[in-house]
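Taken in sequence, the protein lines are chains E, R and B. Residue numbers for the first sequence follow our numbering, so the first one is 1 and each next one is one higher. Residue numbers for the second sequence follow our numbering, so the first one is 1 and each next one is one higher. Residue numbers for the third sequence follow our numbering, so the first one is 1 and each next one is one higher.
Mixed in with the good hints there might be a few duds.
To be verified - Below, simulated DSS-like cross-link-like pairs (lysine-lysine); rule was C-alpha separation at most 27 Å, straight line:
1) B:K236 with B:K460
2) R:K321 with B:K341
3) B:K464 with R:K98
To be verified - These stretches of chain R come out as covered by chain B in the derived footprint (C-beta under 8 Å, 3 or more residues):
4) 6-12
5) 257-265
6) 304-311
Just so you know, the hints here were simulated from the structure itself, not pulled from any lab data. Every residue, glycine too, gets a C-beta built ideally from N, C-alpha and C.
Here's the letter readout for the chains.
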Amino acid sequence: MLNENRLFPAEGAARAVAVKLYEAIRNLPIISPHGHCDPRWFAENGAFPNPTALFIQPDHYIFRMLYSQGVSMESLGIPQVDGKQSADPREVWRIFAKHYYLFRGTPTRLWIDYAFEKQFGLKKRLGPDNADEYYDLIAKRLETPEFRPRALFESFNIEVLSTTDTAIDTLDYHKAMRASGWKGRVLPTFRPDSVIDAEYVGFVENIEKLGALSGENVGTYKGYLNALRNRRAFFKSMGATATDHGHLTAQTADLSEQEASALYGRILTGRACSQDIELFQAQMLTEMAGMSVEDGLTMQLHPGSVRNHNQKLFEKFGRDKGADIPAPTDYVRGLRPLLNKYGNDSRLTFILFTLDETTYSRELAPLAGHYPSLRLGPPWWFQDSPEGMMRFREQATETAGFYNTVGFNDDTRAFLSIPARHDVARRIDCAFLGRLVAEHRLDEDEAFEVARQLTVDLVKKAYKL
Amino acid sequence: MLNENRLFPAEGAARAVAVKLYEAIRNLPIISPHGHCDPRWFAENGAFPNPTALFIQPDHYIFRMLYSQGVSMESLGIPQVDGKQSADPREVWRIFAKHYYLFRGTPTRLWIDYAFEKQFGLKKRLGPDNADEYYDLIAKRLETPEFRPRALFESFNIEVLSTTDTAIDTLDYHKAMRASGWKGRVLPTFRPDSVIDAEYVGFVENIEKLGALSGENVGTYKGYLNALRNRRAFFKSMGATATDHGHLTAQTADLSEQEASALYGRILTGRACSQDIELFQAQMLTEMAGMSVEDGLTMQLHPGSVRNHNQKLFEKFGRDKGADIPAPTDYVRGLRPLLNKYGNDSRLTFILFTLDETTYSRELAPLAGHYPSLRLGPPWWFQDSPEGMMRFREQATETAGFYNTVGFNDDTRAFLSIPARHDVARRIDCAFLGRLVAEHRLDEDEAFEVARQLTVDLVKKAYKL
Amino acid sequence: MLNENRLFPAEGAARAVAVKLYEAIRNLPIISPHGHCDPRWFAENGAFPNPTALFIQPDHYIFRMLYSQGVSMESLGIPQVDGKQSADPREVWRIFAKHYYLFRGTPTRLWIDYAFEKQFGLKKRLGPDNADEYYDLIAKRLETPEFRPRALFESFNIEVLSTTDTAIDTLDYHKAMRASGWKGRVLPTFRPDSVIDAEYVGFVENIEKLGALSGENVGTYKGYLNALRNRRAFFKSMGATATDHGHLTAQTADLSEQEASALYGRILTGRACSQDIELFQAQMLTEMAGMSVEDGLTMQLHPGSVRNHNQKLFEKFGRDKGADIPAPTDYVRGLRPLLNKYGNDSRLTFILFTLDETTYSRELAPLAGHYPSLRLGPPWWFQDSPEGMMRFREQATETAGFYNTVGFNDDTRAFLSIPARHDVARRIDCAFLGRLVAEHRLDEDEAFEVARQLTVDLVKKAYKL
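Pulled out of the complex, with its shape left as it was, chain E reads as follows (with noise of 0.2 Å):
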């Protein structure tokens, strides 16, 4: 199924560059800065449990393609809010087989194509004929050993792995990890939305519990904000060298003490307003800027995806079921008031992703080709694909250069994808490359050193890896 010259230009020349420059980095360690994987995998280390249970319900890309489709989420077996899910496990497979043809022109279906042919030795195209004959011997590897998480994650060759955690998680599985003395090295990153965003479900409770593990009081703005520093020190012993931020806008704030601690109470009150709700996570944003200048942790900021568009669907399938959809974002205006106190400040090293193309060349290379704390984010959901690399390749190199990017991330809660996605980063950096090169734009030993610093050095340095 995979052909060795899948993603490199169909051109001679260009390719025949890109072969070579892939050539130099293929076997390269795999960095993987910015994931979903859990933790717990690696802390028990035990069977996936099925098929199903691997490549298709974790997989928001697979299920919204199907949904799109008329496929129900019930028939593929999607835990329901209420905790019903009845589908067997060999009919969603069925299901999935039989709408395989869907993925045609998409990534999913190059990550997958990888992951059957390179993990499991399938190579005849999954089909409605051999769904069977997939599931049985996918099943029966998934019992052996050399499907268990660790092993999987060395015969991957992963250096280096980054799990996101919550800014309340207690980081069990983390500890269990390294108590067990296995050495891979797997790491939490700080997410605290849930502290931050006031809309976030049991959005007090958390701050309740940000007290309690932290043992400040968060009763007051100062309180709260020394309790987030203490869990970001609790994360950095732990291994974390980032944090990451999930809002709808990447609009920031910097207001007086003052201001800041009364936006504070009414948000503590959990019936703020909407400007309120918004204000606060915009003040927070230059907060954790701030900590990120004291205490080293890179800050990587996700904005513009409009969550749970689909209210029927959230009712009953609660977050993260592919009904999140982009919308236009807005980086010149927003990241000023941040921008204006810590920008200059090489101490800080903020990655903006976007799922905003428009802003590629118009407010994001602009801006990271200015600021010595900002770096651009590699191509993010949507976007993480061969045409959607390009473009950002093509739209933000030429202002932003090479060396204010920061590599590739998985960015993926399918532990298989990962070395299928890398794969595929690795091939169109070499393509983009081979072009340049094969349009004389760069010198082919130029090309080479570049393609290892944005597969391994530039995601090093910009994570602290």
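Guided by the hints, dock chains R and B onto chain E, whose structure is given.
Quick look at chains R and B alone, frame taken from chain E:
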């Protein structure tokens, strides 16, 4: 003039695949589910009067380009609101020929060259030197039976063609066509803008006419809705399978019956404020979606065009004179009320179009890649062009796949351009698929299947043809 | 360093055409109708002081990239507002050489390599090892007569070059140039931002100076307009053929004389609110268009840059230090008042620029493809790059054609980069045309004609040169 390999990738490997794919679909019948042909042509089957009336005067792509370079509308014989029109057709043709170089690099040039060569055997590029030769030859041909509308329809291998008809149209030409015994399948499309948009010329009279035609009491909101139901049923009885909606924005609303009734009352006065007018249109999109769930008519939305941007031109020459200019369009928040009501209902097929290409990857593909009711219409109007079509495939496919798209619309008033437009679309789809295959992102057997589906199957399915 | 085929498509068929086209235009004279060269250079014809002052310190493309990677402005010897500047030129050059790899993949790299090789014969890539060698050789050359501004102007084969001059400039250097008998054609451009934008530093004093220079009573709106007319006439008498307007937005207005007078009264106080300031700028664009209809000066609008985004940098180093960031720009509604007044008047040539590429296909090409007065300026600033130029042609041509565009602007303060910039533009145009021919979308003889028109004829026509 026409090279056999036009519009295919210059690169050899991708071109070789594209050529093979195109061979497999080039002779498939034309399915034209959306356009602006005049049903009178097929009802009366009269000869087209002259080359200028056929090629130039109805085609805003042509006269807007000429106008932009200082050619007056008067000199082109564009009819004025007061009925004046004096230009000699042959003189207009000479002006056109003299300025034919202006169309270099535009799709208009591709369409017209195609018609010249394929339909009239004219193979030397049009220019001032051969303007009369062209005129005389075309004029002569137009007198022959082979150039009557029905004969052309058949020679174009059109399987089905939909017109666009206002909700208060009596469809007399469609009736006459049926009565004539002609076998050509020409269907009406239900377009209710004139009775939904309170700023439409003659809106209040249109509502009265709607009442008269339907026999419903349009003095109440309930009666108004019933009148629309009645007209939809009539259109359906005349073969319609779809509705079409041209709105300034993609805003929808889901008001209570009481609110909607009161709003309708204010609208009916003919003196509603602009906010009410917009809200009423928003509400009516949701009502129309509900009726589509009931009666099965596929729903099309064409938003985002600021109509009649050029006030002086509008006053003298009226609507549709090339002075409509696109504006940014918000689908994510705009469509939410409608989608929360009907978006999960597979009985609804709701096809979205855009003039704002930034929404392909940011909004439209994520929406259509999730909601079962949504499909993406092809690139429209200013983007109905080789580069525009390619950008659509490149930017929408990775998230929405091919199967949430609906094939091509020619959307034209220029009858002779229909085969050319479908040919361009087929070639660009083959060019895109050819590149995917050459880059090993899609298997060749799959590309053949997709090419056929984009040309015929997905169109028929989406439009229930 | 410079490959003869640089920037042409890697694919052979398109490249072969591009090479032929380029051969036909590479030696055509440079027409530079918009830029920021200092007229003093040509008036005094003094030697450039040293390599750093020539290449680095005036070029915000260079120091913004260095700054983004932690190189301080002080260490680069960028002059401070308080007059301080202490860096040793050779040390600055060494810093530049050490960080030259940062420019990989950027147009700056292309421009500078071109100057190094073509103007100084330096063919080994700049780096830390040969920094001093570069510095010494360039410094030595700068002392020779061949490297005086006028000699360079001639050796660059510049037929005409326009500077950009504030409305209250006395054009003394232009006068001196003329008086010297030198034959080089260097023309001023009328830029009235400093007397139209009430937030401009020294606005009230600027207005006073305008009054003094023109002999008009600028205490009234009528007198103010006459003063501007007077200055335009003076600029025209000094050879100016164009005006230029840098605004935050593309908003225009068409106020009654009474409203405009009252608004001017509020503006004159120096304490106008931001809405008034914006409205006044909007009104003045329309007034300027009216004056262009009268006096025939071509009008240029450069909107959409949020100036001085970095407050601390601005306070220490002042304007134009690489901290201007683009923002979304609305042309459709913004330009309507002006276009409704003058858009249909062929006497006006109004050239639109953008930093918001989303507007190419959505707004600018549809506008320029309709209004007789409108033309599209070339990609500007952050988009004046190979990928940016290619996107412009790909996204604007199908709707606006080639003939509503105006060729290339180098827009530079970096005199030595002028030949390189024009060379890049010519190569990209040939690359685009080469692809059109290779894809059989344009005949080869037409491509030759278009290449020449884009390089010379359309520029001269648009700028009346």
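Here is what the structure says about each hint:
no.	hint	in the structure
1	B:K236 with B:K460	holds (16 Å)
2	R:K321 with B:K341	holds (18 Å)
3	B:K464 with R:K98	holds (23 Å)
4	6-12	holds (count 6)
5	257-265	violated (count 0)
6	304-311	holds (count 4)
Of the numbered hints listed earlier, the single one contradicted by the structure is hint 5.
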